[in-house]
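Q: So you can see what is in the structure, the chains are spelled out below.
2 protein chains.
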Amino acid sequence: MSYFKVSIIGSGNVAGHLANALENAGHFVNEVYSRTRSHGEALVSKLYDTSYKEDLDFSESTSDIFIIAVSDSAIKEVAEAIIVPENAILVHTSGTRSLEDLNQYYTENTGVFYPLQTFSKIKKVDFGEIPICVEAKNKAALKGLKTLGKSLSKKVVEIDSQQRMILHIAAVFACNFTNHMFAISEEILRSKNMDFELLKPLIVETINKGLEIGPGAAQTGPAKRKDLETLDKHYDFLTNNDETLAEIYRIISQRILDKYEI
Amino acid sequence: MSYFKVSIIGSGNVAGHLANALENAGHFVNEVYSRTRSHGEALVSKLYDTSYKEDLDFSESTSDIFIIAVSDSAIKEVAEAIIVPENAILVHTSGTRSLEDLNQYYTENTGVFYPLQTFSKIKKVDFGEIPICVEAKNKAALKGLKTLGKSLSKKVVEIDSQQRMILHIAAVFACNFTNHMFAISEEILRSKNMDFELLKPLIVETINKGLEIGPGAAQTGPAKRKDLETLDKHYDFLTNNDETLAEIYRIISQRILDKYEI
Numbered sequence: 028m029s030y031f032k033v034s035i036i037g038s039g040n041v042a043g044h045l046a047n048a049l050e051n052a053g054h055f056v057n058e059v060y061s062r063t064r065s066h067g068e069a070l071v072s073k074l075y076d077t078s079y080k081e082d083l084d085f086s087e088s089t090s091d092i093f094i095i096a097v098s099d100s101a102i103k104e105v106a107e108a109i110i111v112p113e114n115a116i117l118v119h120t121s122g123t124r125s126l127e128d129l130n131q132y133y134t135e136n137t138g139v140f141y142p143l144q145t146f147s148k149i150k151k152v153d154f155g156e157i158p159i160c161v162e163a164k165n166k167a168a169l170k171g172l173k174t175l176g177k178s179l180s181k182k183v184v185e186i187d188s189q190q191r192m193i194l195h196i197a198a199v200f201a202c203n204f205t206n207h208m209f210a211i212s213e214e215i216l217r218s219k220n221m222d223f224e225l226l227k228p229l230i231v232e233t234i235n236k237g238l239e240i241g242p243g244a245a246q247t248g249p250a251k252r253k254d255l256e257t258l259d260k261h262y263d264f265l266t267n268n269d270e271t272l273a274e275i276y277r278i279i280s281q282r283i284l285d286k287y288e289i
Numbered sequence: 028m029s030y031f032k033v034s035i036i037g038s039g040n041v042a043g044h045l046a047n048a049l050e051n052a053g054h055f056v057n058e059v060y061s062r063t064r065s066h067g068e069a070l071v072s073k074l075y076d077t078s079y080k081e082d083l084d085f086s087e088s089t090s091d092i093f094i095i096a097v098s099d100s101a102i103k104e105v106a107e108a109i110i111v112p113e114n115a116i117l118v119h120t121s122g123t124r125s126l127e128d129l130n131q132y133y134t135e136n137t138g139v140f141y142p143l144q145t146f147s148k149i150k151k152v153d154f155g156e157i158p159i160c161v162e163a164k165n166k167a168a169l170k171g172l173k174t175l176g177k178s179l180s181k182k183v184v185e186i187d188s189q190q191r192m193i194l195h196i197a198a199v200f201a202c203n204f205t206n207h208m209f210a211i212s213e214e215i216l217r218s219k220n221m222d223f224e225l226l227k228p229l230i231v232e233t234i235n236k237g238l239e240i241g242p243g244a245a246q247t248g249p250a251k252r253k254d255l256e257t258l259d260k261h262y263d264f265l266t267n268n269d270e271t272l273a274e275i276y277r278i279i280s281q282r283i284l285d286k287y288e289i
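As they're listed, the protein sequences go chains G and Z. Final position of the first sequence in the working numbering is 289; the numbers increase by one with none missing. Final position of the second sequence in the working numbering is 289; the numbers increase by one with none missing.
Hints are not guaranteed to be accurate.
Copies of the same chain are indistinguishable here, so a pair counts whether it falls within one copy or spans any two.
Said to hold, decoys possible - Below, a list of computed lysine-lysine pairs in the DSBU-like style, where the Cα atoms sit at most 30 Å apart:
| id | residue 1 | residue 2 |
| --- | --- | --- |
| 1 | Lys251 | Lys80 |
| 2 | Lys219 | Lys182 |
| 3 | Lys80 | Lys260 |
| 4 | Lys219 | Lys164 |
| 5 | Lys103 | Lys251 |
These are calculated hints, taken from the structure and not from any lab test.
Take these sequences, add in the hints, and give me the full structure.
A: Take a look at the structure:
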């Protein structure tokens, strides 16, 4: 097992959870930089022996790996400004940004270290169960990132920038859109003074089933059973209340109708 | 606490789970009728002291409540054929069919007794957590159904046929469409040789968050944060691969963009 000295750029949720996980795995979190000093110092205070870094000139740093864990839109700016020691590994943690965002002069050892999970301030996460997607510009960086990943998680997968985009699209459907289906459901119920709570046991059971036996086999509902009478009734009701919802209902139902031939 | 004598018409998943729950709550499952004798007898054999009924003439039955737990499309046919004692309560268990489907000569005490859950053969369910939606044509039947419901579940709600339709539409969005979002996600990943397993920890966390803090507050993703660059990139990729998916992506993203003004 190799242990790394790591510097973290950023002090948000990803930075915080990652810093904790790194320390728990025996690595040394050397420095934390944050645009907002108070946030950076707050994170530093929760770590074992970490110093707050005033600027992005890390030329004198002894760290092996520099992790840029800032918002997607700030990655390029940080990558252009940061100075790291030659041979150090420089990564970002974004699911949406390309490896190319890290093009810069100081190291060729660039990569992506993307923990496939959503992080919130309050909730603890078990990093061991989080898939970590790694990508690197060269073999040396890839080897380092795989070693780092395996020290944190049981599941480390090599994924290139194109695959990471596709993974992100898949996640938009499975997570963001799923959540918006809940939001629509809640809106519909609220408009008739019914409580979304009522649906929760059914939602939990449906989702567990979909994840257990696979969504193809778990599909149910009027579109799946070609119940055109119910589909028409629902569509008419929605058309009279919210045309966008009616169109969303129509297009998803149509896709289910097409996918599951009798 | 009143205990009822109950006859069940049907031998599928709902009939089976309901029969068990009724016995566990102290009621007496008097008779089971099923169009398919072997299925009916299989259910009877799992119950305490229940007889198999050959036909739908229950005029000599001593049951208080008759529960039609058959497929939606068969309810009307059963309701037209069944003979029940005067004053008995006759209900169906469907989330989609109206109370009017039970119009018939023998009793005015008709109703709907709809457990809001999906049932499968193998899996045990905790009826106590399942909301039961009741509706009835008159006060006598309503009182009986509420008493029966409360003996099985902590949550019994009175919901009329119009509300039940809206509840069903909400469930289509929150359950059936959510499951189809998983199916789409899996398809996208499979087309690029990636494994849906990879997304599961993120899905579970996202859904738990949505149900805990509410889907409005839990919304994330490129549309939520108005990341038009990512939305365009995803849309372009989908357009080149599957125009229906591109359109689903566009219309749901647009609704999220519209809902969450910055």
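Q: Between the shortest in-copy and the shortest cross-copy C-alpha distance, which are at most 30 Å for Lys219 and Lys164: within, between, both, or neither?
A: Answer is between: at 21 Å across copies they meet the 30 Å cutoff, but 55 Å inside does not.
Q: At 30 Å max between alpha carbons, let me know whether Lys219 reaches Lys182 within a copy, between copies, both or neither.
A: Cα proximity of Lys219 and Lys182: across copies only (19 Å, versus 45 Å in one copy).
Q: Can you tell me if Lys251 and Lys80 fall within 30 Å by alpha carbon in one copy, between copies, both or neither?
A: Neither, since 57 Å and 32 Å both go past 30 Å.
Q: Within a copy, between copies, both or neither: which one fits Lys103 and Lys251 at a CA-CA cutoff of 30 Å?
A: For Lys103 and Lys251, only the inter-copy Cα distance (22 Å) is at most 30 Å; the intra-copy one is 46 Å.
Q: Which holds for Lys80 with Lys260 at a C-alpha limit of 30 Å: within a copy, between copies, both or neither?
A: neither (62 Å within a copy, 35 Å between copies)
Checked against the numbered hints above, the structure violates hints 1 and 3; every other hint is satisfied.
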